[in-house]
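Enquirer: Chains R and B supply the protein sequences, listed in that same order. The opening position of the first sequence corresponds to residue 1 in UniProt numbering, with each subsequent residue numbered one higher. The opening position of the second sequence corresponds to residue 1 in UniProt numbering, with each subsequent residue numbered one higher.
Don't read these hints as lab results, they were simulated from the structure. No residue lacks a Cβ here, since even glycine has one placed at the ideal position from N, Cα and C. Just to be clear, a hint being listed does not mean it is correct.
[Claimed, not checked] Stretch-level coverage of chain B by chain R, calculated; a stretch enters the list once three of its residues show a Cβ under 8 Å from a Cβ in chain R:
{"no.": "1", "segment": "128–137"}
{"no.": "2", "segment": "143–151"}
[What the hints assert, rightly or not] Incomplete in silico selection of chain R near chain B, CB under 8 Å:
{"no.": "3", "residue": "GLN89"}
{"no.": "4", "residue": "SER92"}
{"no.": "5", "residue": "THR95"}
{"no.": "6", "residue": "ASP106"}
{"no.": "7", "residue": "THR157"}
{"no.": "8", "residue": "ARG162"}
{"no.": "9", "residue": "LEU163"}
{"no.": "10", "residue": "GLU169"}
Here is how the chains run, residue by residue.
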Amino acid sequence: MAAASSYMGFSSFPILGWLGGRREVIRKKLFSISAQQQAEVREGDSKMDSQGVKEDSKSETMKPRTQPRPVEPQTNVKSKNMSRDYGGQWLSSVTRHVRIYAAYIDPETWEFDQTQMDKLTLILDPTNEFVWTDETCALVYSYFQELVDHYEGAPLTEYTLRLIGSDIEHYIRKLLYDGQIKYNMNARVLNFSMGKPRILPNDYDQLQETKL
Amino acid sequence: MQGRLSAWLVKHGIVHRSLGFDYQGIETLQVKPEDWHSIAVILYVYGYNYLRSQCAYDVAPGGLLASVYHLTRIEYDIDQPEEVCIKVFVPRKNARIPSVFWVWKSADFQERESYDMLGISYENHPRIKRILMPESWIGWPLRKDYIAPNFYEIQDAH
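All chains, please: the whole structure from these sequences, using the hints.
Expert: Encoded structure:
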């Protein structure tokens with residue numbers, strides 16, 4: 001489904017934010033950074049109800065993370081260059097949990113400005129398969145920034161974006177296996193695309209002991 | 001062991017090397033890449049008017065790349081058409097083979113696929129570009145020393 005959605009029209013974007021969302025507050029896990037080296041300020045609205053508790057923050061403290069450098073929020077963004085005259089396509093890497101577009105997308109109105117191809121926008125887990133908190137989102141965003149810094153100077157092609165997107169997917173999978181994020185059981189599609197949920201017997205015993 | 005076509009080519013002083021016969025008894029010849037275009041024209045004039053298949057393969061990791069042409073001589077009222085298989089070997093560092101598109105038009109997409117999968121660039125081909133992979137793809141997927149990128153795909157969905 002996610003692969004096909006790169007060809008969906010722009011009008012379907014607001015719907016994507018709603019998929020799987022039973023909560024009142026829709027989390028917009030959207031994050032834009034500049035693909036070029038500039039000084040940037042923090043952006044990205046994340047009105048989040050932090051219901052998921054993060055158990056393990058070891059890996060976070062172990063190594064210094066790259067600080068994400070989001071682009072400035074823009075006002076009055078209009079969709080540009082989306083028509084058929086411009087090819088009706090955009091530079092993107094779309095997998096189920098990671099959508100990267102070489103464009104500026106307004107976090108409120110989802111206006112899609114294709115003229116700003118110097119910016120990359122990451123839409124994280126639009127189908128809400130996982131329970132995200134501020135911290136886990138920040139982990140992914142900083143990893144995204146790290147990758148973009150790493151691929152600096154590479155040609156801005158679909159191949160490069162797909163390399164970045166795949167690395168983020170692998171990172172999300174690692175977060176899941178480390179227990180930092182977990183499946184959202186209220187998600188609309190429960191097919192456990194990153195592996196069935198597991199309870200390790202040892203952990204389970206310890207969990208029981210601590211509870212008793 | 002020399003086939004009919006090889007003998008004919010020897011008679012006319014055309015450089016080639018006989019590679020024997022395949023399991024169907026079809027004569028197989030090796031041709032140098034720099035001679036290939038002129039020999040293709042000669043074979044067309046001889047009567048091989050149908051390029052049945054063009055394919056390519058990687059001989060060994062780090063070794064040569066091969067481009068293979070199966071030619072057939074189509075005539076009216078014939079049930080055993082003459083066939084021949086031509087192989088052209090090129091080093092992978094400088095994989096350039098003259099295109100036979102202007103001799104047999106059916107080489108068009110097949111040479112593009114060979115280019116896409118193995119990176120053999122066919123000279124004088126009108127539009128040599130990737131046909132199966134995205135145009136921004138890096139690397140030649142069917143070469144034996146190709147390392148696939150670690151792209152994420154859903155493998156565990158239940």
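Enquirer: For each hint, tell me whether it holds in the structure or not.
Expert: Each hint, compared with the structure:
no. : hint    : verdict
1   : 128–137 : holds (count 3)
2   : 143–151 : holds (count 3)
3   : GLN89   : violated (12 Å)
4   : SER92   : violated (12 Å)
5   : THR95   : holds (6 Å)
6   : ASP106  : violated (27 Å)
7   : THR157  : holds (4 Å)
8   : ARG162  : holds (6 Å)
9   : LEU163  : holds (6 Å)
10  : GLU169  : holds (4 Å)
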